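Heads up: take any position in the sequence shown, counting from 1, add 2, and you land on my numbering.
Since the hints were derived computationally from the structure, they do not count as laboratory data.
Source: prediction; values computed, not measured.
In this text, a Cβ means the ideal position worked out from N, Cα and C, and glycines have one as well.
A couple of the hints might just be wrong.
Taking CB as the label site, the calculated pair distances span [to be verified]:
hint, residue 1, residue 2, range
1, S18, E77, 30 to 40 Å
2, S16, A69, 15 to 25 Å
3, A23, I71, 10 to 20 Å
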Amino acid sequence: MYFKIVNFECHFPSLSLCVKASRSSRSPYMLTPCGNSSHGFLIDNLSLWNHVVKQFPKRLNSEAFAARIASLPFETLSPHT
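Please put together the full structure from these sequences, using the hints given.
Below, the structure written as structure tokens:
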């Protein structure tokens, strides 16, 4: 879901009230909470998403992105290591 948000492949009417996409060319997949973000799946898992996407310095198509995620060691996918 986050991948689709960052690539503007999905639409949620009030999404801009919760998160905004990074404008950084070095971290194109990062998302930032904004406004009065409350608890929910999107916000609660945002730190995990941002931790993982630090491994992606450039944009990829969805197939390449999925392959790259699958190739990462499990330790990389945990924000607590």
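Next on the checklist: Check the structure against each numbered hint from earlier and tell me which ones fail, lowest number first.
Outcome noted: 2
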